[in-house]
Amino acid sequence: MLKVFRFLGQGVVYALIAVLLGFFADTPAYRHFDDDKAQLTLSVAHSGQHAGTCRRLTAKEIAALPPNMRKPLDCPRERLPVLVEVDLDGQTIVRESIPPSGLFGDGPSQIYENFVIPSGSHRLSARLRDSNRAQGFDYQRELEVEIAPRQRFVIEFRSETGGFRFPAAAGPRG
Amino acid sequence: MKMDAVPYPGGRSVSLVQSGLRRMFEIVEAWLDRIFGPAWNPLYQLGALGFFYYWVVAISGIYVYVLFDTGTTEAYDSVQYMTVDQWYLGGVMRSLHRYASDGMILMMVVHMLREFALDRYRGARWFTWVTGTPILWLVFVAGISGYWMVWDQLAQYIAIASTEWFDWLGIFGESIARNFLAPHSLDDRFFTLLTFIHIVAPLLLLLVLWIHLQRVTKPRINPKRGLAAGTFLMLVALSFVKPAVSHPPADLAAVPGVLNLDWFYLSAYPLMDTFSYGAVWAFAAILSFMLFALPWLPPVRRPAAAVVDLDNCNGCERCANDCPFNAILMRPRSDTLPFEQEASVDASLCVACGICAGSCPTSTPFRRASDLIPGIDLPDRSLRVLRDRLEVAAAGLAGDARVIVFGCDHAARLDTLASNRIGTLSLPCIAALPPSFIDYVLSRDLADGVVITGCRDGECFNRYGVAWMEARMAGTRDPYLRPRVPRERILTAWAAGADRAALAKAIEGFRTRLAAQPASPPSPRTPRAKIDGTNTHA
Ligand code: HEM
Ligand code: SF4
Ligand code: SF4
Numbered sequence: 001m002l003k004v005f006r007f008l009g010q011g012v013v014y015a016l017i018a019v020l021l022g023f024f025a026d027t028p029a030y031r032h033f034d035d036d037k038a039q040l041t042l043s044v045a046h047s048g049q050h051a052g053t054c055r056r057l058t059a060k061e062i063a064a065l066p067p068n069m070r071k072p073l074d075c076p077r078e079r080l081p082v083l084v085e086v087d088l089d090g091q092t093i094v095r096e097s098i099p100p101s102g103l104f105g106d107g108p109s110q111i112y113e114n115f116v117i118p119s120g121s122h123r124l125s126a127r128l129r130d131s132n133r134a135q136g137f138d139y140q141r142e143l144e145v146e147i148a149p150r151q152r153f154v155i156e157f158r159s160e161t162g163g164f165r166f167p168a169a170a171g172p173r174g
Numbered sequence: 001m002k003m004d005a006v007p008y009p010g011g012r013s014v015s016l017v018q019s020g021l022r023r024m025f026e027i028v029e030a031w032l033d034r035i036f037g038p039a040w041n042p043l044y045q046l047g048a049l050g051f052f053y054y055w056v057v058a059i060s061g062i063y064v065y066v067l068f069d070t071g072t073t074e075a076y077d078s079v080q081y082m083t084v085d086q087w088y089l090g091g092v093m094r095s096l097h098r099y100a101s102d103g104m105i106l107m108m109v110v111h112m113l114r115e116f117a118l119d120r121y122r123g124a125r126w127f128t129w130v131t132g133t134p135i136l137w138l139v140f141v142a143g144i145s146g147y148w149m150v151w152d153q154l155a156q157y158i159a160i161a162s163t164e165w166f167d168w169l170g171i172f173g174e175s176i177a178r179n180f181l182a183p184h185s186l187d188d189r190f191f192t193l194l195t196f197i198h199i200v201a202p203l204l205l206l207l208v209l210w211i212h213l214q215r216v217t218k219p220r221i222n223p224k225r226g227l228a229a230g231t232f233l234m235l236v237a238l239s240f241v242k243p244a245v246s247h248p249p250a251d252l253a254a255v256p257g258v259l260n261l262d263w264f265y266l267s268a269y270p271l272m273d274t275f276s277y278g279a280v281w282a283f284a285a286i287l288s289f290m291l292f293a294l295p296w297l298p299p300v301r302r303p304a305a306a307v308v309d310l311d312n313c314n315g316c317e318r319c320a321n322d323c324p325f326n327a328i329l330m331r332p333r334s335d336t337l338p339f340e341q342e343a344s345v346d347a348s349l350c351v352a353c354g355i356c357a358g359s360c361p362t363s364t365p366f367r368r369a370s371d372l373i374p375g376i377d378l379p380d381r382s383l384r385v386l387r388d389r390l391e392v393a394a395a396g397l398a399g400d401a402r403v404i405v406f407g408c409d410h411a412a413r414l415d416t417l418a419s420n421r422i423g424t425l426s427l428p429c430i431a432a433l434p435p436s437f438i439d440y441v442l443s444r445d446l447a448d449g450v451v452i453t454g455c456r457d458g459e460c461f462n463r464y465g466v467a468w469m470e471a472r473m474a475g476t477r478d479p480y481l482r483p484r485v486p487r488e489r490i491l492t493a494w495a496a497g498a499d500r501a502a503l504a505k506a507i508e509g510f511r512t513r514l515a516a517q518p519a520s521p522p523s524p525r526t527p528r529a530k531i532d533g534t535n536t537h538a
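Just so you know, the sequences run in chain order A and B.
When we follow my numbering, the leftmost residue of the first sequence carries the number 1, and every step to the right adds one.
When we follow my numbering, the leftmost residue of the second sequence carries the number 1, and every step to the right adds one.
None of these hints come from the bench; they were simulated from the model.
Any given hint could turn out to be false.
Cβ pair distances, simulated, as ranges [as the list claims (entries may be wrong)]:
#	chain 1	residue 1	chain 2	residue 2	range
1	B	TRP55	A	ARG77	50 to 60 Å
2	B	SER348	A	ARG158	55 to 65 Å
3	A	THR92	B	TRP55	36 to 46 Å
4	B	ILE59	A	LEU88	48 to 58 Å
Among the chain A residues that face chain B by a calculated CB cut under 10 Å, a handful are [claimed, not checked]:
#	residue
5	LEU8
6	ILE17
7	PHE23
8	PHE24
9	ARG31
10	HIS32
11	PHE33
12	ASP35
13	CYS54
14	GLN91
15	THR92
All of these numbers come straight from a predicted model, not from anything done at the bench.
C-beta: ideal position from N, C-alpha, C; glycine also.
Just need the whole structure built from these sequences, with the hints factored in.
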């Protein structure tokens, strides 16, 4: 009798542990994102232009440099901040002047931000200034787009590929 | 040393949280004692169970790894293959891998809570606690990287949230979340890195576990076979009943909506959504710091470490063999006595349990007062003081069936049991009592019976106190309780704090039996009381 009680008891304890492990391994389900929303992600990593003007070295100065380091221009390392603006349906959602990264201010300016927006059709425009001009922008892109529910719409900036890049699937029309 | 200045019996105060938790553990443990018996009680071997789960994870992991392909599409496909096409082996291995990992979290957290509740984390024991805290991080790193490798929607969610979480620190030159902007930014090398992390973290874990156990002698790293078998069967059954499955494949152009999180490993992620990355960092940092610093919050007054008296040490090694905390080292003789070795105590490791004094052959109360200096002893709780207290307690007893109760500061409290029939003496551990004291009480007629009590069987505050004491009384471990001692005048009754009433009852029963006993010849068996809650294998 005692043996039976023990045997059953152990079974019950193991079953409880199994239920605990099995249940919390995937339950309760967690809603991370609403079905009628979409996500806009802005990602920029871009170096502004050099902050100071470059100076042309004299022939004598060039000759004084070690051969592998000879170059015609002497440029200050520091970069300009990069101004980024994004409009969604005519409303500005990002306007930020991003300082260069790095200890000496010589690294790229970086921004990475997520926005939750309603799905559906939107007008998007993105602008970026990396020079010391007072007005206007060096890059800009606009587009009308239908954003699907739970779509992750990434606005990425890469100067090597010519500026702003929108998801291929969305088919840029702007 | 002035006798009155000695805090004897003593014990340190614990917080309300601790004593509440401890009470809860005692209640559940009492149930599990009834069902499993003390030897198989899972709560008495959580560390060992943690190891067992680790090995299940490791072995199933090797199998799963053989079938796994790294690469953005290959990873998912290979996991689908083992889950669907090879459900009977690959799928079971995957499920074992998952559920044993979850079990490790469960064991680890309960183990940690229990060591805290039982106050086994402070003083000289800080080291084991502190080296336990990085284990938490490593287990999480291993588990999270594992979920990441599947590269389903859950993995995608974890990947983006984790990298954004790290980006929040701003310590990486470039944002690492940018790796997950779109499929074109994904790199197979990232999976190679991830696989590397998923293998290195558990290996590192093993190393830290080894460090974790440096200060405990003979750590129990394997659960009792019956418990291991039951646990394994449970995991296999669970793997068949509810096989581990994947979410749909990752799609970086969409945000996952509903996710079936493994709450053991991934509970922090919803917090990141609800609060902020900064808040979760702050939470993790504060929690880690608190855990790390807990042994000193607040600092405890550490009782003085055991001290060797070379004139009385013959180098027999018993103390070194019995010390549960690796605190005694035998070294070549430093004096002129004709022995090879001598004991030496590393005070920083000594928890002042007194077990060494209980094991020393020179610890005998039969010596004259001036002589009772054992080879090794606790300065604050010396055996000479114990003998003096014993004599005072015995002198206060009258009538028939007088008993002396020897107990332990960490088990059922004794002071309320005391009366003019019952004298009580609490030690830092029951194994701090040299068995010759029992002989002394009975042969000098200081009382008619002796009760030996302490932490519940299978579970001792000082790890091996109960086991050593039982072995000494059974004559299987030095120093033996002499055969001439009448066993029917000794009661062994292990009792935790929660078992005080049951202990009182057992003592009353014992006294009734004593009263009915004529002065009898020695018998070889020691009666054992079955205390509700504890379980004795009589
Ligand atoms: C998977 C994770 C872990 C495993 C496998 C493990 C394993 C063990 C083992 C085998 C013991 C020795 C038990 C004995 O023989 O008495 C032990 C003791 C201990 N562990 Fe762990 N442990 C883990 C995590 C932790 C964590 C996270 C903490 C706390 C932060 C912790 C704190 C302690 C303490 C305080 C002791 C007691 C030392 C003593 O009695 O003085 N452990 N652990
Ligand atoms: S038990 Fe006593 S005699 Fe033996 S080594 Fe230790 S201190 Fe010396
Ligand atoms: S009192 Fe003795 S047995 Fe206990 S930890 Fe210290 S040296 Fe080891």
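So, going through the hints one by one against the coordinates:
1. Between TRP55/B and ARG77/A the C-beta distance comes to about 55 Å, which sits within the given range of 50 to 60 Å.
2. Taken as a hint, the range 55 to 65 Å holds for the pair SER348/B and ARG158/A, whose Cβ atoms sit roughly 58 Å apart.
3. Checking the proposed 36 to 46 Å range against THR92/A and TRP55/B shows it is violated: the Cβ atoms sit about 58 Å from each other.
4. In this structure, ILE59/B and LEU88/A meet the distance hint of 48 to 58 Å, their C-beta atoms being roughly 52 Å apart.
5. Interface restraint check: LEU8/A against chain B, minimum CB-CB distance 9 Å, threshold 10 Å, status holds.
6. At about 6 Å, the closest approach between the beta carbon of ILE17/A and any beta carbon in chain B falls short of 10 Å, and the interface hint on this residue holds.
7. Of the supplied interface hints, the one on PHE23/A holds, with its beta-carbon coming within about 9 Å of a beta-carbon of chain B, less than 10 Å.
8. Satisfaction of the interface hint for PHE24/A is found here, the shortest Cβ-Cβ separation to chain B being roughly 4 Å, below the 10 Å cut-off.
9. Proximity of ARG31/A to chain B holds as hinted, the smallest CB-CB distance being about 5 Å (cut-off 10 Å).
10. Look at HIS32/A: its Cβ gets to within about 5 Å of chain B, closer than 10 Å, so that hint holds up.
11. The beta carbon of PHE33/A is positioned within 10 Å of a beta carbon in chain B (closest approach about 5 Å), and the interface hint is therefore held.
12. A cut of 10 Å between beta carbons decides the hint on ASP35/A: the least distance to chain B is about 6 Å, and the hint holds.
13. Interface restraint check for CYS54/A: the shortest CB-CB distance to chain B comes to about 25 Å, outside 10 Å, so the restraint is violated.
14. Interface restraint check: GLN91/A against chain B, minimum CB-CB distance 22 Å, threshold 10 Å, status violated.
15. Interface restraint check: THR92/A against chain B, minimum CB-CB distance 23 Å, threshold 10 Å, status violated.
In terms of the numbered hints stated before, the structure departs from hints 3, 13, 14, 15, listed from lowest to highest.
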